[in-house]
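Participant: Take the two lone chains, each set in its own frame, and fit them into one complex as the hints suggest.
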Amino acid sequence: MTAAIEVRAVEKRFGNVGIIRDLNLGVAKGERHAIIGPNGAGKSTTFNLISGHIKPTSGEVKLNGDVISGLRPFEINRRGLSRSFQVTNVFARMSVWENVRCAVLWATGHRYAFWKNVDSLPEVRERTAQILDDIHLTHRRDVPAGLLTYAEQRELEIGITIASGATVVMLDEPTAGMSHAETDRAVSLIRRLTEGKTLVIVEHDMSVVFGLADRISVLVYGHIIASGTPEEIRRDPKVKEAYLGEEAH
Amino acid sequence: MTTATRSTSKATATPAGGGVRFYGVWLLGIAVLIVLPLIFSSGGSLTSFSLIGIAIVFALSYNILLGQTGLLSFGHAVHYGLGGFAACHMMNAVVSHGWPIPLPFIPLFGGIGGLVFAMIIGWVMTKRAGTVFAMISLGIGELVASSSLILRSMFGGEAGITTDRTALPKMLGWSFGPQLQVYYLIAFWLVLSAIAMYALTRTPLGRISNAVRDNPERVQFIGYDPHVVRYLAFCFAGFFAGVAGGLAAINFEIANSAYLGAIQSGLVLFSTFIGGTAYFFGPMLGAILVTYLQLGLTNVTSVWQLYFGIIFIGIVMFSPGGIAGLLMMHRPLVRAGTLWTVIPSYLVAIVPTVALACGVILTIETVARYSGGDPINLFGISFNAKSPVTWIAAAVLLVGGAFVARLAWRRIADAWDRAATVARDRGYLA
Ligand SMILES: Nc1ncnc2c1ncn2[C@@H]1O[C@H](COP(=O)(O)OP(=O)(O)OP(=O)(O)O)[C@@H](O)[C@H]1O
Ligand SMILES: [Mg+2]
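Chains as they are written, first to last, in this note's numbering: chain B, 1 to 249; chain U, 1 to 430.
Below 25 Å or equal to it, Euclidean Cα-Cα: the simulated SDA-like pairs (lysine to any residue) are: (1) K116/B with V116/U; (2) K386/U with L297/U; (3) K116/B with V228/U; (4) K116/B with A199/U; (5) K55/B with A129/U; (6) K127/U with R72/B; (7) K55/B with D225/U; (8) K116/B with Y23/U; (9) K62/B with A107/B; (10) K127/U with I68/B; (11) K116/B with L192/U; (12) K29/B with A107/B; (13) K127/U with P216/U; (14) K62/B with Y221/B; (15) K55/B with N24/B.
These are computed hints drawn from the structure, not numbers from a lab.
With the rest of the complex left out, here is chain U (with noise of 0.2 Å):
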């Protein structure tokens, strides 16, 4: 009890520099936004750039639901889609009727389509959590993916509907041509998003919003309707989701049924668990990495959503607060200035865990190329998937990476455990 009372009364103290840092870290991640693309200035660089902001203000709209109100949708991409179809067609309008708005104002419509359909069926969606949510959200998922086959018009079918941004009146001589001009924009959009959803976090709605995913009974018992909190909790995701969505059809110059589908719902749920959704940055870091592995891997290999689906399982199974909880759980250590104890057990578990992994990944490449025969080509080693010498290197590396890095994994718990009783001891919750 003694050392509770003390933990506490300085893990309160410690936050009065708090404000300081805190718009530090905001002002940071915009001076990194704007030098980014002056860094790594090619083409390449910065269409990733811009895909993962995209990514990001989507992952931190989903958060809204599965973080902060602890809904589990299978179906968010259908505001996104058609936040991105909102978007185009309003681009062609202020095109073909010559209106005065400019193209970074575009976003803005994605997210009223976004709403507008979130406050349509959301009142029916939120009325219950949990299964029933999810299952309607895969539902209306489908529904809308199909429809937007079949609704020619507004969908435009298998190809979707095309815009031309530059088409649109220019702002401060900006053209939008430019794939750095687009970057900018939608860092801009980024920036605004990001401090909107994060103020929705502190705000009553927000709070509730908490206690709602924590304990939807006892709300009902304090004031509040569960339903209604949902339903707002759901119009905001779905409006965030389709300024993403507008912000993609102004970098791709297109919208079409792939936007809304069942794969793109599924890859925001992955990021946004991946990144951690107990921590508002945990979505940003889950759609970076997402974005960057969706990018990078597709080229090397053709069984990339193997991989996805290893890390997500691992992730689900090792850590379920995801890549934000796992950095989050050293701050104790950190603060009491335990950390270093546990440094030189992750150093030794780096060899043989990097020896799993490729053992897993030969494992992998090998059985999906067995039939095809063409060569693996590793880190720039080649290898026959027909070759048993090939086999027997991948069943080396897994099994004795494996047993090995069990061992570490064990050391590391150890040092671990060992830390964080210190930390405790010295006041700091661990």
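Okay, chain B solo, but in the shape it has when bound (with noise of 0.2 Å):
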């Protein structure tokens, strides 16, 4: 079976420092992998290089088989890869309701139509409120999304990532910021929307991570010291030295 992302022999340098030194990585269908590793090893970059925000400068990025590397953000959108970003990134002035149907558009095959009413489009309408509903922000559907509380808008960005769609669903830091019972909500909603699909999610919260994750990779310095399952990621050496030590103490 392909896998859903396939990242082999990526480099990024940004001038002469380089960021991401040959990044190999690998999520099957259906896995639930997270990325974790200390500030400024590279997992945002990780994350613009697979979702074409930025280039590699060499290697190749696959979904599904296919490269995608050197594609535009939206092509490679529209081929069922969606991501989420650390800083919260939604449309400020337009409604919660708005925001989510943006992100329904695409995927619902209205593209650039200027010839149908966009309020009497049955699937979107639809559409739009399950996913409203899936991230409990039904309540606050007219308010604009940048007057939503903190934890609110994290709740909207995944909620646009995941409107799509996409099969393959990539969340940065999902809840960076969040209380306790924010994050355990967070979470059970993560769990519950990428049912049946491929997961790649950074975080920093333990916890988090070995209780949702089914593959874990570390990334120290732009490289992936260790990939496997949370069993293995906690048992392996590399990993306690680089990483999990510095939180054992």
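Facilitator: As structure tokens, then:
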């Protein structure tokens, strides 16, 4: 079976600085894969490379067996990969409802249509309502996204990301800055919404990571030093030294 | 959190009768357009209404770019002007070939003129938004304006291209000689264009245009190419600007290089911004106000541009949402029934604000006419620009007005805060 995501020998330099060095990563279909690593390790940069936000200096990225490195973000998105952002990245002046609906439009085939009334597209309405319900924001549907609380914006960020129905979902620190209760809620939300999909998640909260992930990759200085099941990662001496060691004391 | 919860459930509940009210507003607008020339039937009024109608179509088309898609253009008059020229050439061609095309169809060709040019230059122009787009639009504007003086066969040089609207085939017995008939033609196209442009905002493209305005980066990650969205919006804006230009060509029976110059481009930006870009009806208000000021002020004062500048700066600084933004600010207060608590402080503020405005006007006029020496006549009162009495009056009004007005405005702000707090507590977003 081809992997959902396959990153092969990817390098990324900003100027002279090599941020990502010989990155290799495989994520199987249907797998929940966590990427962990210290601050500045290159986790978000890895997301940017896979989602087409930036182009690799060398190496290639495959989505379901097709090379996608070099494609534009929207082309990659149309092939079924959707990502969220570490720093909330929504449509601030539009309502919560509009935010989610915009994310539904391409996938429901309405694209750039200027001859259809957006309010009278039943499948768009139903799907938007369903997602608002899923992310518990139905009661906030008419509020401009910019006026939501931080936790609500993070939930909307997830909603926009999954709205297109992408089969590969990448979430960059979805619970960052959330309280314990909010984190628990967000995790069960993520678990439910990515049922049957491939999930790649960057997360600092180890209880979330070990509770959610089928496999974990550890990224240090732009290089994956270990990749395996949570058990394997827990036991890996390199990981202990480079990353978990810090947590231990 | 509980307040917020309550607020939205109420807010969603309100538009139950929204459909009726929505169509009511449009029907009311149409009724006003029909009745207006019957009430104000002087030649001057008809001319003003016609110009306002054209200005509204033009400003609405500009807002497809500025308000809907977040594109700041300094050269939108290019499409207006080319639409005007296209309409003139079409009218002349209809007459000389004897084609059976009556005048009411001519604005469509104006629109096509604006659209074709937008389609040609738009792809390169809309590659980037922001400053890059603004600068290119400025460049294209200058380029086309100067070409219009060079390419004589197409643009008629300084004189422009003239035409005779009455020479076209009649429709329903209308010759379109009288201004009243021209007014109704403009009103018809105004309604048609306004409905079409409003409908555009309710389509998938219209919604995604807003998303591109808010966050072009994120749009790429929900499947859309912001470049394509901007290009399509640009083409629609070009089309409707061309319609407005076509209407102007019919109204004036001429198209010349002034149509597509920087002044015209500045004026539409100005109207749209003053009216308010965040609401569909904002540019309509702006177009009405600016056209009226333009028609009124040019007769009264030689420095009317200065007043435009002051109004513009005032709006940018104190009400970036424009007139529409100011009006819509009151909606939650009206809904919550707390507007009446603000009204008294508004009334109190009127006198010092008017005094301040008079001070500003008197100062400007004194300075402007000091060298000229002709007497100033303000609201029927005569002043001598060289007399110290005038200077003192101006200074007193200016300084005193500003001082008292500041106090009055602070009072408004306080009253406003209290009213808004109550409105929020009663569950309306304010
Ligand atoms: N566009 C850029 N230009 C230059 N340097 C960059 C750029 N983007 C990221 N970097 C650098 O690359 C490194 C990795 O950044 P990245 O955001 O990927 O880290 P991260 O693992 O996501 O960290 P965090 O846990 O803090 O989110 C950082 O040192 C950052 O400064
Ligand atoms: Mg990061």
